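Novice: Spelled out, the chains give:
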Amino acid sequence: MPSEYKLILKHADQPGYTPDIECYLKHGGYEVLKKALAMQPLDLPDGKRKSPQEQLRDEVMKSGLRGRGGAGFSCGLKWSFVDRRSGKPIYLICNADESEPGTFKDRQIIHKDPHQLIEGMILSCFANDVKLAYIYIRGEMPQGAKLLNKALAEARAKNLLGKNILGSGYDLEIHVHRGAGAYICGEETGLIESLEGKRPYPRIKPPYFPAVLGLYMCPTIVNNVETLCNVKHIVAMGGAEFAKLGTPNNTGTRIVSLSGHVKRPGYYEIEVGKVTIGELINDPNFGGGLRDGRKLKAVIPGGSSAKVLKAGEKFKLKRKVDGKDVEQEVDMLDLPYDFDSLLQAGTMSGSSAIIVMDDSVDIVEALANISEFYAHESCGQCTPCREGSLWMSKALHRLTHGEGRKTDADYLEKIANNIPGGRTICAFGEACSWPVQSFVAKFKDEFVAKGAADEAKRAQNGVASNSAAAKRRETVAAH
Amino acid sequence: MSTAPTTESKPAPPAIEKIKVKVDGREVEVPKLSPDHAGKLVPTTMIQACEAARTDVPHYCYHPKLPVAGNCRMCLVEFGTPALGPDRKPVMNPDGTPKIAKSPRPAIACATPISPGMEIYTKTPAVKQMREGVLESLLINHPLDCPICDQAGECKLQEYSVDYGQSASRFVEAKVHKPKAVDLGPRIMLDAERCILCTRCIRFTRDVAGDDALGIINRGSYNTISTYPGMPFDNNYTLNTVDICPVGALTSKDFRFQMRVWFLKETKSVCTSCATGCNILISSREEKIYRYTPRENDGVNGPWMCDAGRLNYKWIHRDDRLKDVLVRGQKSSWTVALNEIAETLKRVPPGSAAIIASARQTNEELWLLSKLKAKLGAISDSVPRTGKGDNLLVDEDKNPNTNGARLTGISFTEMGINLSKIAAGIARGEIKTLIVFGEDLLKRAVDAKALREKELTSEVVTEHGITAELLGKLDTLIVSDILPSATAKLAHYVLPGCAHAEKRGTFTNRDGRVQRFMQAIQPPGDARPEWDFLHDLVYNVTGKNGFLTIEGLFNEMAKDVPAFNGLTWAGLGDIGVTVKV
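First to last, the protein sequences are chains G and Y. All residue numbers for the first sequence refer to the working numbering, where the first residue is 1 and numbers rise by one. All residue numbers for the second sequence refer to the working numbering, where the first residue is 1001 and numbers rise by one.
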């Protein structure tokens, strides 16, 4: 029977657990930090010495921790790219701009256990010789910002932050910065621009890789809230031990945000890859199944930008069984919920937000909703995304307001194909086009049928569907 | 040009490592580092390698003299790099060539550095499809109002539409509407619907002009270029944004709706508004000038020029231009006037003549006057003309040919030092003949503080003590000018001259760069290029001849003036040659 594995959320939901520092300390808080600050350089057999910082970074590398923000990039590798010889300060930014539709995991941590995040951040900062760090929190989370500021003040009062932390000689300050309400600020270079007080236009890479030319053109680490919390547990249990959680190359736990048409929507922490999508939806420990009398239609497995999975879809997964590589055909419900299996299924676990849709859903309406979000949030810096996202949204608005055409499915597909695959400055291009590509490809009948119905209705009402004048008259702007 | 005394004062660049890359199968060797917009050496990019291979990569936002933005995505190319084995050593093909690992994702050529052995593919179906996609995206919300757009004919959207456009649009939605005819500043209009948001204008004014005046408001497809509310876009370089705007979004209030660009003739010339000597193109049609635009010359102005200089052409078409040769106030002819003047000058006793020639005259004209000066034993000078300068292009010296006046011996290190001597000479009755070229001596000096901040063409002419009363004491006052003046009113002989747009010649700029300019339009009425009639006059007076054409005249002058030794008219080329000043 699959069940939750509570590592990050071990205490958060316990009755009586409060976000203040006393409660955190009572539950063993900041002990890991004390341990890390007391670490000694390690003498290696070859006569070299390994600083405590290097030891900590090694543990994170060993842990196999992958970023929890969306891309699933190795945290240890990301840290290894940091330019430590530039002579410039190194900055760390906690990305708390949790905005991907369907995702509500980071806010649980921030609201219920902010000190865990702060301890994870101090450890990560210490490991990377960071003296100044920022928490960039979504503007729409005012309560979270308040809680974090309170927690930081508490930590400062106990000399867990500030000058000479706990007598170790290490200085660190952390500031909270509130966003102003833009999804693009979750993109790390857009976030950096925003933090610098500019318009959050993602930077071009090359040359502006944050690890070399990040905040104020200094080496910068940007990590997700959950990722930074994991660092605390990696330091506590050791990288090798942490790597035993989850499955190979998909280590540790993840907090899954489950929403949509299940009986028990909510957040669930699981060992990565130990639970399947089907179990997350149907198991009484998790979603508890669909609403009565309903059938599954589709699942978006990683936040609204992930490609949709259609009920009944089958995938060929390469897996290791008894040490041998075998290819197995699995139903979408039997996909283990991890980074690699979902990639093999042509989608992604993204921000680990599962959106479940049953057969009551009008799939065209659902896509129109997603598309409108991305059209609204495109920063407009680069051409394909700026123009393509609104174009798709307008077409879908038309299709959901009785002005559709049979050809709109192909039309949408062609627009969407012009955006992703490295044509845009940042991954937003993929984020806005993948839903359209996947919805239209997998539910093409419904798109065509809707367009055909609209055409038939217009023909009945005597309006020519194809004259340019009619098109202009009928077209409704998406805004 | 090995014989020419060029003193291009650029230090020898340090040897830069060269690396080999392939562009569409063609191997080129390019420096590993190249100068960026500010001249700093940075890794050479794919677009520069493609340029070295003479392969055109279409682009909108990239501009070699601006920081890279990478936003238009028109320059996306495919590429590959030598494949590395697990031992980090290159993997070889059976034929011994390095195996190339093609990148699964394209890259923007404008920002991606090259690496040894890199192969860049600009002609693959995928690249073509990406360019088509970008162009389609740029056009869906564009108003497609080419028939009434000033940019038509020099528009990158039109240009690339020929290469990558579709004959019919598949876009059936309502277009995004944005503000039109937005008054951005005193000289610039914005049509936000035509804008493709390449941000060239923003980067120019922020990073080149040093005035962070423009930005983007709103989001996504609704993005719009804007100034801060209530802060007009008004610096002395705003019109450069019109030049670099790849589409018809930014237009010059001066030029918009005046003329279709394809009717304009472009003539290579030099700006005369200050000593910098920015290289320009004069756009004219049927003897009328419509605009000046900067002509790229990295030794002088790069691709830029100031607004004041750019708009300083209207006086050329003033109705009250001097068009007639006047002898004692009566309309006459060149033959009569020049013969009379020659006869008069031949009889002038040595030391009784003075020449005041403007440093707005060309090298050739000033040199001819210096010949006359030698013959007459005359005292000479030019009138200093100063105003506001800046750290970019505008010089405090408002004469375009100060160095030319010095090198030809008309004026001296301290220009204007002889003017009071000339005044005193006239007052004492020693100087009886005065030849004035291009100066109104009776224009009174203006207090520098009285000049308005923004008026960078405003100039202060040094007070020199030559008054109408003094001019009245002269036996002979010969004046050549372009516009009517109080001095010309008192002259016995008025010889109508030409604006630089109406003649050929050279100026020597503040750095000693000798730059030639060509004739764009015909002079009005009887006006003649000064060098042309001065040649006749000098021949009549001195008997010297041999330079009937501007080329011959220049070459003759180059032999005679030490600083110009070795120069030839042809050798000056389009960008000029620097001499020691």
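What the hints contain is simulated information worked out from the structure, not anything from laboratory work. Here the structure is a predicted model, which is why all the values come from computation and not from measurement. Heads up, a few of these hints could be off.
Straight-line Cα separation of at most 25 Å, DSS-like style, residue types lysine-lysine; simulated pairs [unchecked claim]:
(1) K205(G) <-> K1443(Y)
(2) K1123(Y) <-> K205(G)
(3) K1421(Y) <-> K198(G)
(4) K1432(Y) <-> K1443(Y)
(5) K205(G) <-> K1432(Y)
(6) K205(G) <-> K1022(Y)
(7) K1421(Y) <-> K205(G)
(8) K1346(Y) <-> K1268(Y)
(9) K1040(Y) <-> K88(G)
Novice: All hints, please: hold or fail.
Specialist: Now the hints, each set against the structure:
| no. | hint | result |
| --- | --- | --- |
| 1 | K205(G) <-> K1443(Y) | violated, 60 Å |
| 2 | K1123(Y) <-> K205(G) | holds, 23 Å |
| 3 | K1421(Y) <-> K198(G) | violated, 61 Å |
| 4 | K1432(Y) <-> K1443(Y) | holds, 21 Å |
| 5 | K205(G) <-> K1432(Y) | violated, 75 Å |
| 6 | K205(G) <-> K1022(Y) | holds, 22 Å |
| 7 | K1421(Y) <-> K205(G) | violated, 67 Å |
| 8 | K1346(Y) <-> K1268(Y) | violated, 39 Å |
| 9 | K1040(Y) <-> K88(G) | holds, 20 Å |
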